[in-house]
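Place chain B on chain A using the hints.
In case you want the letters, here they are:
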Amino acid sequence: MKDDTKLRADLRLVLDAQAARLDAARPAAVARQDKRGRWTVRRAVEAIADHDSFVEYGGLVRPATKGMEGAADGLVMGTAKVGGRPIDLVLYDYSVYAGTQSAMNHAKITRMFSHAEKHRLPVICWLDGGGARPHDMHVTARPSTPTFVVYARLSGLVPTVGISPGRAFAGHANLAGLCDVLIATEDSAMGMAGPPLVEAALGKKYTPEEIGPSSVHYASGVIDILVKDEEEAIAAAKKYLGYFDMQQPAGEAPDQTLLRDLVPENPRRAYNVRTVIQTLCDLDSVLEVKAGYGKAAVTAFGRIAGRTVGMVANQPMYLAGAMDTPACLKMARFIQICDAFDIPLVVLCDTPGLMVGPEVEKTGLMRHSARVLSALANATIPVLTVVLRKAYGLGYYIMGSRPLEPAVLVAWPTAEFGGMGLEGAVNIIYAKELAAAATPEERAELHAGLTAELKRSNTAVESGAKFLYDDVIDPADTRDILVKTLETLQQPAPRTTRKRIIEPF
Amino acid sequence: MARLEAKSEVSGFVWKVETELGKRVAKGDTLILIESMKMEIPVVAEADGVVVKISVEEGAAVNEGNTVAVLEI
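Quick mapping for you: the protein sequence lines, in order, are chains A and B. Counting in the UniProt record's numbering, the first sequence runs from 1 upward without gaps. Counting in the UniProt record's numbering, the second sequence runs from 1 upward without gaps.
Hints in this document: simulated from the structure, not taken from any laboratory.
In silico DMTMM-like links for lysine to aspartate or glutamate, alpha-carbon gap of 25 Å or less:
id	chain 1	residue 1	chain 2	residue 2
1	B	Lys38	A	Glu361
2	B	Lys38	A	Glu442
3	B	Lys7	B	Glu72
4	A	Lys118	A	Glu56
5	B	Lys16	A	Glu445
6	B	Lys7	A	Glu288
7	A	Lys295	B	Glu9
8	B	Lys27	A	Asp261
9	A	Lys455	A	Glu445
10	B	Lys7	A	Glu186
11	A	Lys295	B	Glu5
12	B	Lys38	A	Glu453
13	A	Lys228	B	Glu64
14	A	Lys455	B	Glu40
15	A	Lys228	B	Glu46
16	B	Lys38	A	Glu445
17	A	Lys455	A	Glu265
18	B	Lys53	B	Asp29
19	B	Lys27	A	Asp255
20	A	Lys499	A	Asp342
21	B	Lys27	A	Glu265
22	A	Lys295	B	Glu35
23	A	Lys228	A	Asp50
24	A	Lys362	B	Glu64
25	A	Lys455	A	Asp261
26	B	Lys38	A	Glu265
27	B	Lys38	A	Glu359
28	A	Lys295	A	Asp229
29	B	Lys38	A	Glu423
30	B	Lys16	B	Glu46
31	A	Lys228	A	Glu46
32	B	Lys7	A	Asp187
33	A	Lys238	A	Asp50
34	A	Lys295	B	Glu40
These numbers come from a predicted model, not from an experiment.
Chain A extracted, bound-state conformation (with noise of 0.2 Å):
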């Protein structure tokens, strides 16, 4: 035991100022954060930080501007452990001058992002503020911060997840744009200015719900995770992290008997793609991410066998699976989060194709379905390709086709396979013999005939027969041919260098 009775004067003083810091001497701060109904960052740091392990770095700093007060400038941060694992952890802390980005504390989390990229740790940031400190203007240091430039150079680099649990505005809406995660509590706001710029610019009066309430962020796809609260948000964060331990013991498989029935008969019947992740994952390993954006695919994390892998799916229940601008967008970025961190991919393939038509071009698809087909083309981790039911035109070519060299490629018995949309083709192959109906009625059945034959010469057992796939296979035996092809793949070598960087789109 320290005897702490007898200290040398320096040392108590050292002592003294550590302990000014922690919540017990700060009474009137987590007040204020209680009244938020908030919690304080040191108790944010005691929940991501495995018990003992975080080492503080810039505790004792005080804000440069003469006359201000604050614990640590308001940016807790250090290393520390979360499931056993190094990471490095910054917190701006709101009870302190709204948890604004100063002269001082821009200083210390450079620091701490430049630490982060030198020994390739982790990051966490907590974005609790409100922006630059409009009194630490005058600082000569301030308007030259490089805290934006260095954190965006870890983009692929190292995992960076950011969680918003109140408010992130300007400074610290800018971070959080730039994590490879963002998770958001329900009653956070965000935006790239809070009221008094706005109010400035445009002339009216908003609160912070109004201008970037959480609902529009995760509809947008700015926010990856939605939680209700700190605990919630805390705990995705360590699941994410925990997909970097790319090996754990191999959890229970749900019964696998479920996917034979999972794709109705009736092939105009859709289904939940997410059942058929969480079916092939162990249990309780999935972790969705943009579920409130671009609803027409599904991207998750999760485990086979206790191996991390990446999920991409087209989700039949939206736009029947149609691969519109949101999903494209949204798996092109997923795919690159993989490859940064050499994440097997799953494709899950049910769709229709490219979304078409006037509107999708408006929203300059041709450029954002290239997003996800380049992401691909350009990756090097394996792709485990499975066919569940439409496999159509160009659409089918980027969810993991053939050309795309997947590590296997197999599909259920309810696939189906078409160049381009059958109806579509029929039209054209068949358009003088269309023409020479003689009625309305004449022409739709000639035309339903043709289509029917066209399906019949592309079942799943005669593209099979094409070699179109590596097998058709019983959607029971899934999992177990991903699991046994992941065992034939090597993990690479830890990296030394960073791969790609990973898009904020």
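Chain B in isolation, oriented as in the chain A frame:
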């Protein structure tokens, strides 16, 4: 008794009402089929309960998030 609204996940048209007022349904049962993009998208019961309201008719347009039926659970 709590009320549970069954909502459509997509915009489209009501293709078929697959349940009826007063019917006891189990979690996962299809209540309404929405047609969108030539696909039938089921709105299913999120819990066991009794259908106390059907808010739509066949052929009606629905928007994403619209309540199509109400269960008492």
